[in-house]
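Residue numbers (this note's numbering), protein chains in the order written: chain A, 1 to 157; chain B, 1 to 157; chain C, 1 to 157; chain D, 1 to 157.
Calculated directly from the structure, the hints in this document are not laboratory data. A quick note: this is a predicted structure, and the numbers were derived from the prediction, not measured. Wrong hints could be hidden among the right ones.
[As the list claims (entries may be wrong)] Partner residues are not named here, just some residues of chain C that face chain D (Cβ under 8 angstroms, in silico):
1) Asp66
2) Ser68
3) Ala70
4) Pro72
5) Ala85
6) Ser108
7) Met114
8) Gly125
9) Leu128
10) His130
11) Val141
12) Leu155
13) Trp156
Just so it is clear, CB atoms sit at the ideal spot from N, CA and C, and this is done for glycine as well.
Protein chains: 4
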Amino acid sequence: MAVQVAVCGPAECTERDWDRAHETGRLLAGRGAVLICGGHGGVMAAAAAGARSAGGTVVGVLPAADRSAAGPDLTVVLPTGLGQARNNVIVNAADAVIVVGGSWGTLSELALAMRAGRAPVVQLGGWLVHDEDGRPVAGIVHATDPADALRATGLWD
Amino acid sequence: MAVQVAVCGPAECTERDWDRAHETGRLLAGRGAVLICGGHGGVMAAAAAGARSAGGTVVGVLPAADRSAAGPDLTVVLPTGLGQARNNVIVNAADAVIVVGGSWGTLSELALAMRAGRAPVVQLGGWLVHDEDGRPVAGIVHATDPADALRATGLWD
Amino acid sequence: MAVQVAVCGPAECTERDWDRAHETGRLLAGRGAVLICGGHGGVMAAAAAGARSAGGTVVGVLPAADRSAAGPDLTVVLPTGLGQARNNVIVNAADAVIVVGGSWGTLSELALAMRAGRAPVVQLGGWLVHDEDGRPVAGIVHATDPADALRATGLWD
Amino acid sequence: MAVQVAVCGPAECTERDWDRAHETGRLLAGRGAVLICGGHGGVMAAAAAGARSAGGTVVGVLPAADRSAAGPDLTVVLPTGLGQARNNVIVNAADAVIVVGGSWGTLSELALAMRAGRAPVVQLGGWLVHDEDGRPVAGIVHATDPADALRATGLWD
């Protein structure tokens, strides 16, 4: 069974986030990892396009019950019909979660992944979580670029 | 149909969070609101106990498929069998979400509520979400005490 | 914690099914049971109306993510946002499942309840399940009327 | 995007059901279809093994939140953490559903597929659903062998 890595991020993203997600997808496919994503636009579409450009397998886990909103670069489409509860399915499927950029949906995936505690969570930019005293909450690794993000997952040590 | 308010917070909480959650539950029941919570300990149990002390209805939406982990102050128990995907059910059921204290599970509920955008989200303490430039992400109301939290929901204007 | 009983049946039902569901709801409320239902019309609405006529608590577990399709006799509304996956939430919440009438959605609830194997399943009319040799598959109790259905759950022995 | 076909059936199955499921998986892979299954043993494992023997892609949609119960022939593993609510995810993902053999879990998938009404449902043996008058409920196609089942989906007309 191949390694599975989720790339999570906003459906509307900056050009920098798009580039980072695309490169992350491309590198993951090069390592033989299956890419798990939310199947929509923005960071999800960029990671999917990057992975497909390197011949990778891409699974899109959609909130809707049908495939009408599926992006063009998905190998497998799972229209869950679960709405945003599908975010927990994405997280459960991942040996590591790489977060690119910030949005409320993205933050819910990051938080669900940390709550599950099964897979390393790596951020490339995006939102920051502080405790009541203003200190960063521990546990998330911040990477500087896609290659560093793959290293930080520890999956290819 | 009664107003439904979710109180979310960690299963292991500080004494201050317990007191705030208990008082929030008590005040909500006094207004005739149905309390929706995760049905476990800590903030969830405190809010449930507060609501029951005022004769309120308390719904516990559990991650497990059976009732064995249900707290003692629940009027109705929904063992969803969904794991942490049940957090989105809690959020969908709420006319307002009041967050007391911080944890990864709690943050996922806060983020899912903001993502849905249907209900006001009010925090009593807890974790803070900043964008990449270190500024608080807009949209969450921070209240000073339980009475202020109820006011901040806007449900009883 | 009160006993919780699910009444499942089609959203479009016959007059006989309506009467049976209404009487079942009324009797359940008389016993102090919380009624769990799908929250829509037909058998679900009849059971809810019956329970409310006797002062009972009625929980509607909706497929949609909001309350717009909720029936008028629900005490608590859980808009799950799960689509028909919500059928498994209904089943998990029930100490017994009473099925009135037949439809594909209803059959899925009956099958999920039998699959879980935690709660007795009682039918008042409705569809029949046969094995390949044409024999009824064992395990479901067939009742003759609502009072018999309550007896058959074994909850009040 | 490839055609996606679900093969559903019991985790403990007869030798005849195993052979039929294996041949169905093999034929589906030969057509380039992605096989969606529940990822466990019996019919699910047989269909997966058949598809892999022909070089196909196999997606296992598991009830558990982790991969420990995943079968050996899965290309992609989705540990949903949803319990039997995952049956609706399988159904939503399918352009056609082929049912081999009978069990309560299998029947729930058949019923959810008919409830959704989006994809043709084809049975190879298995349980039969009758209305109150003892007549088969319309809508399911009964096939005589795996090749006939593929034809009956209408996906390759």
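(request) State the violated hints by number, sorted upward, taking the hints as numbered earlier in the document. (result) 1, 2, 3, 4, 11, 12, 13
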